[in-house]
Each structure stands twice: as structure tokens, then as C-alpha cells.
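Trainee: Let the hints inform the model, and build the full structure from the sequences given.
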Amino acid sequence: MKRYVVCQTHELPPGTRRIVDIDGRSIGVFNVDGEYYALRNTCPHQGAALCTGSLLGEVRSPCPGEYRYDGSRKLLQCPWHGWEFDLTTGQSWFDPARTRVRPYDVTVESGRSIAAGREGVVPGPYVAETLPVTVDDDYIVVTP
Amino acid sequence: MSSDHHHGGPLIDCDVHLPTPTVDQLGPYLSEHWREYIATAGFKGSMAVTSTHPPGARSSGHERLDGGFAEAMRNVRRHCLGESESARAVVSAHYGVETMGPPDFSTALSRAVNDWMLTACRDTDERLLASINVPPQYPDLAAEEIDRLAGDDRVVQVFVPARTSKPYGNRIYYPLLAAAERNGLPLGIHFGGMSWNPPTGVGWPSYYIEEYVGMAHVMQAQLSSLVFEGAFQRFPRLRVTVLEGGWTWLPSLMWRLDKEWKGIRREVPWVEEPPSTYLRRHVKLSIQPIDAPPDGPEVMTTIDQIGSDDVLMYASDFPHEHLSDPLALLDRLAPETASKVAYGNAAACYGVPSAPEPQESVR
Ligand code: FES
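Chains as they are written, first to last, in the working numbering: chain D, 84 to 227; chain C, 16 to 378.
Everything labelled a hint here was simulated from the structure, so no lab data went into it. Mixed in with the good hints there might be a few duds.
Partial list, derived from the structure: chain D residues whose beta carbon lies under 7 Å from chain C [to be verified]:
#1 VAL142
#2 SER144
#3 CYS146
#4 HIS164
#5 PHE177
Remember, it's a predicted structure, so these values are computed and weren't measured experimentally. Heads up, the beta-carbon is just placed ideally off N, CA and C, and yes, glycines get one too.
Mentor: This is the structure:
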């Protein structure tokens, strides 16, 4: 299985995201408080660039007037019609079993291990070029 | 009722209108104080009913009530109950109390009309059930009236007009909704009424016909309010009936509510299930009027699109005649669906024991 080097870790600090093209697929890579997530950047509804949407906490309520806000859960809201997707699983809020977007594994790997030619790691995301990998830095790697 | 229909089982007619009582008829049910108030204020009785149907039109049906009270009640028995012992008719007498400013007068009139109506039911036929008036603009007083009468076995529904100053899901109505729920009575939202608002969402129309057909939108706004304000979440046993408001619009309403909920639900997080789920679970609708050919295939398709055959209830809408033959619809339906629409759904809604197996034309 191919794995793709996206960028150096310092290029994706907490609270930021990047949209990358991996093997022809647009994928959003997120750093939320030091945790990394990646989702396909295509909304299953009508194909909007989902990963450009707002990241929101979860709002639930047992009854009108009571708000249970859970900021630890991260929901990505589609910029077109507002559908919410769990950043961790890609599942939609309203129909988690059937309406979902593909999540990808994200790992941080040292330049040393990448340079050592670990099998299957494709330097990217600039598919045409080779991302120069230096042994002293850490890199974000997406496994599609 | 004609007998040339396939559906030979008993009926529950969930929308029957009694003649509006005159001020004199209400006298015995009002205190001396209110009788004097009426006399000195020059109050001549409710304008609400006479002004909401076109005079002389078949849909107004006033001639079926014009022969005096006794004749009107005979017509109710003949047209709405027939011979079957299992038959029931849910009667109402809309008095327009929602138009009245003075809270205690509005309440006193509600009480008087209700007591008059329950007496009329008792004296006419034990198969008559009642939908009681309350002043919805004063939800606390409405709740008191519900509590006062809910113990009477004939009382099966709370009657409120479709037109309001604020839609019924609004939290100002909590006392009313709570009272309906705790007493196990559905909130019957019925065509008509007056409020300080125009009868359409876009302002005052010039012509009666605009107001008349616009009621379909008003009903949809009421259901939308009840769902999105979270009334069914706050009052999980609350039930609502839509009376004389049409129903063929329900599939498109459900579709629209579900669709928009997916993206806008954060605003109303208490709506945790698709809106159509609440509508199917909590709402029933009377079959009249039908905005489709009643004897065409469209009605079955519409029921399929609603996704449940538990939501429609037979109604003659007596004395109004929207259709020459309201039973024609039942002939279009699969037998099991027809018997639910004719009887079972309303029986469940109003707590009427199930009817015996349908027999051939007992009416
Ligand atoms: S395209 Fe994403 S919600 Fe419609």
C-alpha cells in the first residue's frame, strides 16, 4: 500500500488544515490540538469541497432550551448545505451508518525512517515533484 | 351516507360541526355576571364561524344546520353516525374565543360553549364525542379548562384554530401543550380562526378565496413549528390532529423538513430524529379536504409517500361538503388501510375501543 508524505509537521501547526492532492484525490489533512485527521475532500451529498468547511463542536439537546455542547467532538460542516461529519470517522451526524465520507490514516514519521526507504512511502503531495526529505525533520504521512 | 361502497364497516367521523350556539342558548351556562356583561356590552355572539365559509357554497353547508337546533342534531345523527353502534362522531363548536381580548370573558365563553356542547351530545346520542374549546391566546386559562373537563368520557380532543398570533410550538403554549399531554387529549388544530396576524404568511389577501386555500400553508407552518420548537421532545406523549386542513401536502412537507434538518439541525438540536419521524408518530390528519381526485390512484401514492397508513382519519366535515361523497376515498384504499382510515386510526387517537370486525354494510 502506498503512503504519501504530505508535509513537515511544522507546516501543519495545531488549528490548521491543508488540502492535498494524493494520487488524483483531494484530501483534507487537519491538525486539531496536535491530533491529525484526514478526510476525503468531497461531500457525499453534492460534491462540495467538504474539508474547507467549519470545524464545530457537537451540539445536542434532550429538550428545548437545554444545550449540551461537547467541544471535544469535532464535526466538519459542509460549506454548501451544512451536513455535519465526524472528523474522526467520517460519519455524518444525521445518518452515520449510510452517509459518510472516507477517512484516512495519518501518521507522523521521522525523515530518517522515510529516507531509509521504508517500503511504499511516496514523497508528495506534489506528485510531480519529489518532496525533499531530510533526516532531521518529522513528516506527516497519509495512507489512502 | 350512501350504501354503495365497498367499505361496509363502522366509521369514526372526526370532524363534525355543531351549529354555533346563540347567546341565548349559552345563557344557562354563563354566570349572572357574564350574562349582564353580554347584555350591556351588546355582544351578539361569535362572528368566527359565519364569516369563514362562503355563504351559500356547498362547502359552507349552512342549510344543513338551518332548521333549528333539533333538526341540526338529527342531521348529525343521520349523516355522521348512521345505525352502527360502533360509529362515533367527534363534534366541535368553534366559537372564535381566540379573537377575544378579555381573558376571563374568553374563558367564560369557552366554558359555556363546552358545557352547552356536552349537554347537546348527551341529549342527542351517546356515540357523540366532543372537541372542547379553549382560549389558546391564554395558555394557562386554556390548561385550566382542559383540566376541568378532561374527566368527562365524551371529551376526546382540545380544539384550537389554525390561525394564531404565534405558532403552537412556541414555548408560550407550554401550559396548553402540557395539559393536553397529561390528560391524553390530542391538540386538534382546525381550519380557521382569527388572530392579529394576516391569514397568509405574506400579508392580507384581497379575496376570501386566497385566505381559504391559504389555510394549507398555515397548517404546515403549525406542524413545522411543533417539530422545530421541540414540542414533541418536550412533551413526548403529545399528539396533534390536523382537521380540515388537507393532507396531500404532507409528503412534500416531510421531504422539505427532513432535507433542511440535515444541514440546519444545530439551530434546533432537540430535534434529534428526522422531522418526518415526529410527524408520523405524533400527528394525525382528517381526510377532508382532499386536494387530489379522491377516486384516483393519487391518494394511494400519497399515502405511500407519507410512509404510514396510521395517520389519516375519516371525516365528513359535516355540514361542509367538499366532496359529494367523502366515502369515495375509502373505496380507493386497500381494505386494511381503508379500515384504519375509517375507524382504527381515530379509535387509537381518541381512545375509542376497537370496532368489531367490519361487517357488510351495517349502516
Ligand atoms: S454538498 Fe455537502 S451538504 Fe450538500
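Trainee: Please go over all the hints and tell whether each is borne out by the structure.
Mentor: Tested hints:
Hint on VAL142 (chain D) holds. Least Cβ distance to chain C is approximately 4 Å, under the 7 Å limit. Interface hint at SER144 (chain D): satisfied, since its Cβ lies 4 Å from the closest Cβ of chain C, which is below the 7 Å cut-off. Annotation: interface hint on CYS146 (chain D) holds; nearest CB of chain C at approximately 5 Å, less than 7 Å. Residue-level restraint check for HIS164 (chain D) holds (minimum Cβ-Cβ distance to chain C is 4 Å; threshold 7 Å).
About 5 Å separates the beta-carbon of PHE177 (chain D) from the nearest beta-carbon of chain C, less than 7 Å, and the hint is met.
The structure agrees with every numbered hint stated previously.
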